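Model the full assembly from the supplied sequences, consistent with the hints where possible.
If you're matching them up, the sequences are chains A and B in order.
Counting with full-length UniProt numbering, you get residues 1 to 247 for the letters of the first sequence.
Counting with full-length UniProt numbering, you get residues 1 to 247 for the letters of the second sequence.
Misleading hints may appear alongside valid ones.
When chains are identical, the list treats them as one kind, so a pair holds in a single copy or across two.
Cross-link-like lysine-lysine pairs, in silico, DSS-like; alpha carbons within 30 Å at most [as the list claims (entries may be wrong)]:
no., residue 1, residue 2
1, K27, K216
2, K227, K74
3, K227, K95
4, K74, K41
5, K15, K227
6, K95, K15
7, K95, K74
8, K41, K15
9, K216, K41
10, K27, K15
11, K227, K216
12, K95, K41
13, K27, K95
14, K74, K216
Because the hints were derived from the structure by calculation, they are not lab data.
Predicted model only: the values in this text are computed from it and were never measured.
Number of protein chains: 2
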Amino acid sequence: MTADPHFPNILMIRKLESIFTLSDEEKQALRDLPIQVISLKDDQDIVRIGDRPSQCCLVLEGFTCVYKLTSEGKRQIMALHVPGDIPDLQSLHLKVMDNSIASISPCTVGFIQHEDLRRVCEHYPRLTAAFWRETLVDASIFREWLLNIGRREAYTRMAHLLCEFLMRLEAVGLVEDGFFDLPITQAELADVIGTSSVHVNRVLQALRADGLIQTKRTQVTIPDWEKLTVAGEFDPLYLHLEGGDAA
Amino acid sequence: MTADPHFPNILMIRKLESIFTLSDEEKQALRDLPIQVISLKDDQDIVRIGDRPSQCCLVLEGFTCVYKLTSEGKRQIMALHVPGDIPDLQSLHLKVMDNSIASISPCTVGFIQHEDLRRVCEHYPRLTAAFWRETLVDASIFREWLLNIGRREAYTRMAHLLCEFLMRLEAVGLVEDGFFDLPITQAELADVIGTSSVHVNRVLQALRADGLIQTKRTQVTIPDWEKLTVAGEFDPLYLHLEGGDAA
DNA sequence: CGACTCTTTGAGGCTCATCAAATGTAGTGG
DNA sequence: CCACTACATTTGATGAGCCTCAAAGAGTCG
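Laid out in structure tokens, this is it:
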């Protein structure tokens, strides 16, 4: 990671700019946002269900996950977040956390105080819209995951998840030639797609056997994007990767 | 339904007021919003995936659902909306619909132009926050449904869904003594909880046999709320039914 | 009363969970 | 460099939950 103390701010600005055109003033306001950076090992809770946080968390490096547990202790991961995402942006308007957020790989995150974020939003309504939109895209991904988990079988689900990951990582420059790092265990993948780790293992073997993915440690290569999207019934519409400025 | 031409506006105001305290000016602005009311039979699409709507839809009477189809034509319902909800509020900031919305019972809905909604939000930032919060609660429900579908079995899932429905309908005054109307077929319930209609039928029988619900036509009675919440592992936290004003 | 839709029931099979154990792969300290 | 530990992946076997197909009852409505 760059030593630039403003790297978190720049990451956030780049992310918003991929959708909205920001004025110099807006960019400056974002650049001036105080962001407290900390590093985490994997599997560390960042916020917990029931908390009443006074800050939001911006992912800088690595991946985080949003999860909940059933009363029998089964875990469901509802979302994965990559650098540039703000997994608990909702806490700006919902006092109590209704889910927990944890690092799923070693990662770096930045904390932004709610009051600072609110102040910026008050002065720059277009930034309010931009942040609001971020939470709407998150919601859109939840919907797609509901379809995935509710109505597709494990093989398709996994292919779909890998497609989504590739696209989202590509958007932040973390993919080269269909090749990216996925530092997530099979047990965690199981918690994402709602199956068991044993079954994840078998599904991954099937995907490899069908030539849809190649894996080496935590590295994943997609040799044939077209084929994987077909196997995963993947249509990137729901990611809303372009066109944010209101009509 | 009342003949009052401002009924839709009043419904919206009441909904927001259950969370935020609104000033007279804010209320007046909402009362002045033009809303075009129309009636629908059941199973009618209101907006479709891929559409670029220029208006939002406020549910006035009956229920609507948010759904998507897999390429094999299987349907997953991602959300149910009750009077007072705005199922496609997201379209204010996401140009293209990533899901379809349909009536699931005969219903009345009101359409509000995006431009009108935007104008109100510009003048009253607290209303922006209130609408933003609505979309955040929707997202919170998506997360809970992901846990439900991904990690709980059908019996628990159904109990959970009925708990949620009771609470949400109670919030808009549509429940009396644990008794409410649920004009939804078992096939539709199956699309909600991600199973088959045959299995829904068996699960409902089991719930009846266990004394957790009583049904008569589309009428549902919950004789023992406490027992049903245990069976459904239900914790209403995720509905965020109170406390919206920022700290 | 017939046409339609929805609910209910049965039977067989498939997907996937669970349990348990073996193998593989870092990371640590001697 | 090797033994040792801690995890993660892989494999096998068994069974539970649920799907699908098919057909029979029950409401509901013109």
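How the hints compare with the structure:
1. K27 - K216: Neither. Shortest intra-copy (40 Å) and inter-copy (59 Å) distances fail the 30 Å Cα cut-off.
2. K227 - K74: Answer is between: at 21 Å across copies they meet the 30 Å cutoff, but 33 Å inside does not.
3. K227 - K95: Between copies, since 28 Å is at most 30 Å while 44 Å is not.
4. K74 - K41: Intra 22 Å, inter 40 Å, cutoff 30 Å: intra-copy only.
5. K15 - K227: This pair counts as within: shortest intra-copy Cα distance 29 Å, inter-copy 47 Å.
6. K95 - K15: The answer is both: 26 Å in one copy and 18 Å across copies each meet 30 Å.
7. K95 - K74: Result: close within a single copy only, 25 Å intra versus 37 Å inter.
8. K41 - K15: within (25 Å within a copy, 43 Å between copies)
9. K216 - K41: For K216 and K41, only the intra-copy Cα distance (22 Å) is at most 30 Å; the inter-copy one is 54 Å.
10. K27 - K15: Answer is within: at 12 Å inside a copy they meet the 30 Å cutoff, but 35 Å across does not.
11. K227 - K216: Intra 20 Å, inter 49 Å, cutoff 30 Å: intra-copy only.
12. K95 - K41: Cα proximity of K95 and K41: one copy only (27 Å, versus 38 Å across).
13. K27 - K95: both (28 Å within a copy, 24 Å between copies)
14. K74 - K216: This pair counts as within: shortest intra-copy Cα distance 28 Å, inter-copy 34 Å.
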